[in-house]
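Chain residues, written in single-letter form:
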Amino acid sequence: MTELTKEMFERASEEQRNAEKIRRPSIKYWPDVWRRLKQNKLAMVGLTLIILITIMAIIGPMISGYTYYEQDYSNINVKPNSEFWFGTDELGRDLFTRTWYGARYSLLIGILAAAIDFTIGILYGGIAGVSSRRVDSIMMRIAEVIYSIPYLLVVILMSVVFSSQGSGTSLFVIILAMTITDWVPMAILVRGQVLQLKEAEYSLASESLGADQGWILRKHIIPNTLGPILVNVTLTIPRAIFAEATLGFLGLGLQAPKSSLGTLANDGLAGMAVGLTYQIIFPALLISLIMFSFNVLGDGLRDALDPRLRK
Amino acid sequence: MKKYLLKRFVMSIITLWAIVTITFFLMHAIPGNPFAKEGKMPPVVYENLQKKYGLDKPLYQQYLIYLGNLIRGDFGDSMKSRVETVNDMIERGFPVSARLGAQALVFALVFGPALGAMAALYQNKIPDYISMIVAIIGISVPSFVMGTFLIQFVAKNIGFFPIGGWGEFKHTILPSFALGLMPLATMARLMRSSMLEVLNQDYIKTAKSKGLTKFAVIMKHAVRNAILPVVSVLGITISNLLVGSFVIEKIFGIPGLGMFFVKSIGNRDYTLIMGTTVFYALILILMLLLVDITYMLVDPRIRLTEEGH
Amino acid sequence: MENILEVKNLQVSFKTFFGEVEAVRDISFTVGKKETVAIVGESGCGKSVTASSIMQLLPMPPAFYKGGQILFKGEDIVTKTEKEMQDIRGSKISMVFQDPMTSLNPTMKIGKQIVEGLIKHQKLSKNEAHKKAIEMLKLVAVPQPEKRVNQYPHEFSGGMRQRVMIALAMVANPELLIADEPTTALDVTVQAQILDLMKELQDKLNMSIILITHDLGVVADMSDKVIVMYAGQIVEQGSVNDIFKNPMHPYTIKLLASVPRLNMKRDESLHYIEGTPPDLYIPPKGCAFFDRCDYAMKVCKDHMPNPEYHNEEHYSRCWLNHPLAVDVRREGSVE
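Residue numbers (the working numbering), protein chains in the order written: chain S, 1 to 311; chain F, 1001 to 1309; chain Y, 2001 to 2335.
All clues stand as given, with none of them false.
The calculated lysine to aspartate or glutamate pairs, modelled on EDC-like cross-linking and capped at a C-alpha distance of 20 Å, are:
hint	chain 1	residue 1	chain 2	residue 2
1	F	Lys1214	Y	Glu2082
2	F	Lys1220	Y	Glu2082
3	F	Lys1003	S	Glu144
4	F	Lys1007	S	Glu144
5	Y	Lys2109	Y	Glu2128
6	Y	Lys2285	S	Glu10
7	Y	Lys2109	F	Asp1202
8	Y	Lys2298	S	Glu3
9	S	Lys6	Y	Glu2308
10	F	Lys1125	S	Asp303
11	Y	Lys2033	Y	Asp2076
12	Y	Lys2301	S	Glu3
13	F	Lys1002	Y	Glu2155
14	S	Lys6	Y	Asp2294
15	F	Lys1220	Y	Asp2087
16	Y	Lys2301	S	Glu7
17	S	Lys38	S	Asp306
18	F	Lys1214	Y	Asp2087
19	Y	Lys2109	Y	Glu2135
20	Y	Lys2298	S	Glu7
21	Y	Lys2033	Y	Glu2006
22	Y	Lys2285	S	Glu3
23	F	Lys1003	Y	Glu2155
24	Y	Lys2301	Y	Asp2279
With the Cβ distance kept under 10 Å, some of the chain S side facing chain Y (calculated, not the full set):
hint	residue
25	Glu7
26	Met8
27	Phe9
28	Glu10
29	Arg11
30	Ser13
Which bits of chain Y does chain F cover? Going by a derived footprint, with three or more residues having C-beta under 8 Å, they are:
hint	stretch
31	2082-2089
32	2101-2112
33	2117-2127
Derived by calculation from the structure, the hints in this document are not laboratory data.
Just so it is clear, CB atoms sit at the ideal spot from N, CA and C, and this is done for glycine as well.
For reference, chain S alone in the conformation it holds in the complex (with noise of 0.2 Å):
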C-alpha cells in the first residue's frame, strides 16, 4: 500500500478525468455487416461457391472446346474422359458445356425472378404503405389471395398453356409464371417498413426536434429497411431456381437444346435408369450446390443484420 501524500488530496483536473473515458470507436452500419458476414464461415463458403459457379457459368462452355447443340452421334453416352469432361448424352452432345450453360440459365432465371419480384414488391408495398387505411387494407386483401394460389401450381399450368406442343416453354412465360404470385412477401414486408417510417416521421415531427436530427434517424431507418429486403432477395433467388428446376424436370422448362439444369436432370433420369448415372449427378449436383450457396448466404445475412447478435 502506497504512502498517501497531503498533493494526492489535491483536485484532479478535467483533463485528468476525461482521460478515464474510454471511447468505443462508433462503428459504421454497412462495413460493420459486411465485418459480421465475414466472420460467418458457412456464409462466406456459400459466397465463394456463387463466385465460383458464376464464373464456371460463363468461361465453362467458352473452355470447353464443344458447343451446346453439337451432336455428335460417334460419341453418344460416353462416360466423363479427358475429352468429355462430363461425358456426352444420348445425341453426342458435350454435357460439361451443356451444363454450364444450364447454370447460366438457371442463375439468369434466378436472379431475373428475384429482380422482378422486388420491383413489383417495392411498387406495390410502397403504394400501399403510403395510401389510405381502406386502399391500403383492400390492397393487402387482393395480395392475400393471390398469394394463396399455389405458386408452384401456377407456374406448371401456365408453362402448359403457353408452352407450344411438345418442345419447352419460353423464358419470358417462365419468369412471368414465377413471378405472377412470389412476390407478395416482398411486398408486405416493404409496407410494414414504409408504415414503419411514417410512424417515426410522425413522432419526430410532433417532437419538434431540427430537421438535423430527422436526417440522422432517416439514416438508421433505411439501412434498417434494406436490411430484411436484402434478406429476402438473398432467398428468392434458390426458390427461383428451385421453381425451374421443378418444371425442367416435369418437362415444362426450357426448350432443348437450351436445356436448363432441370431440364438436364430430367435427362438424365432416363439416363441413370440405364446405369449412366454421370448425367444426372452433374446438374443435380450444380443445383444443389446453387440452393445451398444462396440459402446459407442469405442465412449469414439475416444474421449479421440482426442488432441483437452484435458482439
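Starting from the known structure of chain S, fit chains F and Y onto it as the hints suggest.
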C-alpha cells in the same frame, strides 16, 4: 373467434373461385384444338366431339356450365380416356397421393421441430451442428434430386427397398422420406430460431424462478411458445408438399394423382388438367383452413382478437 | 435482528468474446428478517446481476461466481447444485421481475402460472391448486378472481399483470422476495398501489424484501436499509434515514439531487449526472466515479477508497472521508 373463422372461410372460397377461373380461362386460351392429336377425323365426328364437350358454345357459357358442374361435384369427362371420367381418375389416384403426402407430413412434423428444438438447446455444440447440417441439406437438395439419389444409392443397393411402384408399406418409405425432407428441414430451422428467441424471453426467467425443473421450463414454456411460428407456416408447407408430390410420384412411379396430372400435361388432356388442378386447389384450401383453425386453438391471443394478425 | 441473507465479498463476472466483464466487484451486505433493503444505482451498476445471482438465475456460462459467498440462512448459494436451487426457488426465495408485459407466458392461463411452482413444491391436487390460485388473486386484489383465473396474460393490464407476478412470487410464502424494478414499467398511480400491496404482504407474511430500483422516491417509501451501487461496487450503505438525511458519497448526493421535486424553482433546470459509467471490461483501479465526480482528487484515480463508517450501519467508500481531504471537503461543502 367466429368472425375470424368466417373471414377465413370467405377468403378460401374466393381463392378457390379465383383458381378455378384462372385455370379455366388459361386452358381455353390455348390455341389450336384439343383433338388435333387424334389425327384427321371426319367433320361430323369432330362436330359431335365439340358438342359433347360443349366447345361449340360461347366461352362464358362454357364457364358457367363448368362452374355448375363443379358445385355438383362433377369434374367432367376426360378428353383422352374413353373409359374413365375425371372423377374416376381422381378417385383412383387420390388415396395414393393422400397416403404419400400424409406420411411425408407426419415424418416432417415429428422430426422437424424436435430437431430444431434440440439444436436450440445445445446451441453451438455438436447436436446443433449436426441438426443444422441436416437442415441445410434438406432445404438445398431439391426433392427430385434426393429422390433419384435414394433410388440410385439406396434402393439399388439395399434389396429391402423397392426401386419404385406401390403396394406395401416398404414402397412408401423412400418416397415419403424424399418428399418430407424439405419440410422437415424448413421446420427444423424455423423451430431453432424460434426457440432461441423464446429462450431469451423474460417469462422463461420467471418460470425458472419458480423452481421448476429444466424439463418443465422447456416443454411447458419454451416449446409451447416456440412452436407457434412453425404452425403458422404449416399452410405453405403443405402447399409445397403437394407440388413436391408430383415430382416424387413421377420418379418412383407411384400411381397417384400427381402422376395423372403430369401425364395429362404431356397429353394436353384439358379436362383432366383442370379437374386435377381444381381438386388439388380444393384440398389445399381445405388444409389451409384447418391450419388456421389449429393456429387459433394453439395461440390464445388470436382467439380473442378480431383481426387475424 | 436475525439475518436471513448474508452476502460476503461477492464477485460475479461474465466471460465474453472480448474478455472478462466484472459485473459485481466484491460486495457485502445483509438482509434481516422482515427487513426491506433497497439497492439503487444506474443501469449497468450490477444491481440486477446481484439479484439474479442470489437465486442462481444467471446463465452459467457466460456468467460465473468469481468469489465470495451468498449465505441464505447459513447455507451458501454459490455452492449449491441446480437441483438444490430448484427447491429453494419459488418456495424460499422468490423474484418479481421488471416488465410485467413480457414476464408472463402468453400461452398459459394465469391461474396455472400462479400455482405451477406450488404444485411442484407441495404436490397439490388440481382442485387444491385451483382454489389456491383464486385465493392468491384475491390476496393481490385482482377483481373477479374466479373469472380471471382462467384468462390469459394479454387480457390483463400492466398493473394487473404485475399483481399476478406478485401473486406468483408469493404463493409459496417465501421468506425472501427479490423485487427487480417492480414498478419501473408501470404508471405512477399504479406504482403506488403495487408498493402498498407489497408492504401489506410483507407485513402479513413476515417476509424480507430486496428492492432493486433506480427510483429514489420508491426507496424512501419502503426501505429500511439502502445500498448504493456504482460500477459493480457498493459506494455507500446505510439506513434509509442516513442515506437521505446525511449522504456522504458524491454519487449518492448527485442521485438525490437529480430527483425532480415539486418545489423546484421554475427556472431551475433538471439536475442530472453527466457522463456514463465506466466499461467493466477494464475495471478502473481506483474509484470508478472518478471521471464524473465534482470532487475528484488525484488520489481517487489510482487508489480504491476503503469503507469508512459514519455510524454503526452507515459507511461510504470515498477519499473525501480521509483526513487529508479536509480542504477539498470544506471547499465543496459536501452536504
